[in-house]
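Peer 1: Sequence:
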Amino acid sequence: MENIVQTFDLVVIGAGPAGLSAAIEARRLGLTVAVLDEQQRVGGQIYRAIQDSTQRRRQVLGPDYAAGALLAETFATCGAQHVAGAAVWNVDRDKTVSYLQDGRSKTVRGRSLVLASGAMERPFPVPGWTLPGVMGAGAAQILYKTSGAVPGEPVVLAGCGPLLLLLAQQYLEAGVRIKALIHTTATADYLRAAPHLPGALRGWKDLAKGAAMLRKIRAHGVETYAGASAFSIEGQDRAQAISFTHGGRQKRIETSLVLLHQGVVPNTQLSWSLRAEHRWDEQQLCWVPVTDTAGQIEDTSIYIAGDSRGIVGAKASAAQGRLAALDIARRLDKVAPGALDATREDMARELNKSTQIRPFLDSLYRPLDAHRIPVDDQVTVCRCEEVTAGQIKRYVEVGCIGPNQTKAFGRCGMGPCQGRLCGLTVTEIIASERRLSPAEVGYYRIRPPLKPITLSELAGSE
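So for the sequence shown, the UniProt record's numbering puts the first residue at 1; every next one is plus one.
Hints in this document: simulated from the structure, not taken from any laboratory. Beta carbons are placed, not taken as given, at the ideal position from N, Cα and C, and that holds for glycine. Hints may contain errors.
Claimed, not checked - Cβ pair distances, simulated, as ranges:
1) E345 - R411: 48 to 56 Å
2) L191 - N404: 35 to 43 Å
3) T343 - R279: 24 to 32 Å
What the hints assert, rightly or not - With a cut-off of at most 30 Å between alpha-carbon atoms, the simulated BS3-like pairs for lysine-lysine come out as follows:
4) K315 - K216
5) K95 - K106
6) K251 - K179
7) K205 - K315
8) K251 - K106
9) K334 - K353
10) K315 - K353
11) K216 - K205
12) K95 - K251
13) K209 - K179
14) K205 - K353
15) K407 - K315
16) K95 - K393
17) K209 - K353
18) K353 - K216
19) K393 - K451
20) K209 - K315
21) K334 - K95
22) K407 - K451
23) K205 - K251
24) K393 - K407
25) K334 - K315
Generate the whole structure from the sequences, applying the supplied hints.
Peer 2: Laid out in structure tokens, this is it:
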């Protein structure tokens, strides 16, 4: 007997700010909606575990995190179907979505899709980054959000970006001892960002938050090194120290716990798998999908909203989700022509206001070339298959022209993460070696399954 595939007006993949906002708006307009997310609870990364967080945890994480509670509550009562613990492993252009849940592969179909898979931390391929005792600052923050876990030993935070400073502030509030904050932001970065300051001042509240974070870090007497470079983590079986250059001198700090961070990048696995057009964003140094103003890929009724479309932050992600829902309702004839024009204009203004600060932040916290394109040939780039920077350079010497070819030369990008952790680095290494732009080099060809799936799970498909 053939399985009946449930169909909705809208299927949303991802339950962060963009996905939840799209679902809420779509339900308000009368659409049937299903939201798939790999986690058991809604919130995405930014609002991870918001429904289960304690008062103390919300106090430490701050009001921006706590604001997610209202979004989660609104979603819970909007009438959308929440499909929790759903790991999406395939999306087709006919808007059929296959996902794993409870050990079985299942399928759902939408008349429209919203891809809201969010962002992930940018790779930080420096010597020693694969050692035990080294992890991403974003991952450390997720540990606190989900379970309240904090380091029981002094920690060193290293890299750049707002999240690095935010985690430092949150750790100080939680009573964690920060041994040092080593960030790459130098005078040259401020000068590069200066032309974007007038636009950023329109979002002055966010600038004020950043200034307050820096004041708190200084007030706690955290040893801070600005304009640092040439990071290297030392150790045999685990991290023992971090060395770096500061003020023209070599520095070394003994530590068994290093949290690295140099910004976040869009999670584009879904859009690449759909063969959507992507472009290289030279400001954010990453690939972003090409969409129309509502977030639609070509003329497919498949939309992308939030950080998976380009890093914009939680508020702008929510606005993009709502705008996508409005456009979907219009296309499905759920509203009269022109009925939502005023609402759409209001949301567009909110989106514009929320993104005014982005060019300033992108310029100020631009990752160093040497922290994206390893100078040391021994640095591991593909962690899954243990492929080094030197090996990739040698592949280029013997004729490798792009990331896809590295798979044939040495299985680069063919491990469980499917290139999520190495893709950007591989593109930039090859571009550097061939003296081309990343746009000319391209990216991996992403194919399903997007998540590991066993034959038994596939055989038990519903």
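Peer 1: Has the given pair, K216 with K205, been kept, meaning a C-alpha gap of at most 30 Å?
Peer 2: holds (17 Å)
Peer 1: Do T343 and R279 keep their Cβ atoms within the hinted range of 24 to 32 Å?
Peer 2: Holds, at about 29 Å.
Peer 1: K205 and K251: Cα distance at most 30 Å?
Peer 2: violated (35 Å)
Peer 1: CA of K251 to CA of K106, is that 30 Å or under?
Peer 2: violated (53 Å)
Peer 1: Decide if the proposed pair is consistent with the structure: K407 and K451, CA atoms, cutoff 30 Å inclusive.
Peer 2: holds (18 Å)
Peer 1: So if I understand the rule, the pair passes when the alpha-carbon distance is 30 Å or less; does K334 with K315 pass?
Peer 2: Holds, at roughly 26 Å.
Peer 1: Does the alpha-carbon distance linking K334 and K95 stay inside the 30 Å limit?
Peer 2: holds (19 Å)
Peer 1: Given the hinted pair K95 and K393, is their Cα-Cα distance within 30 Å?
Peer 2: Given that 30 Å is the threshold and the Cα spacing comes to 39 Å, the pair is violated.
Peer 1: Just to be careful, I want the Cα atoms of K315 and K353 compared with a cutoff of 30 Å; is the pair within it?
Peer 2: Status holds; Cα separation ~10 Å.
Peer 1: Would the pair K209 and K315 pass a check requiring their Cα atoms to be no farther apart than 30 Å?
Peer 2: holds (15 Å)
Peer 1: Confirm or reject the claim that E345 and R411 have a C-beta distance inside 48 to 56 Å.
Peer 2: holds (50 Å)
Peer 1: Indicate whether the distance between the beta carbons of L191 and N404 respects the range 35 to 43 Å.
Peer 2: With Cβ atoms ~38 Å apart, the hint holds.
Hint compliance for this structure: hints 8, 12, 15, 16, 23 are broken, all remaining hints hold.
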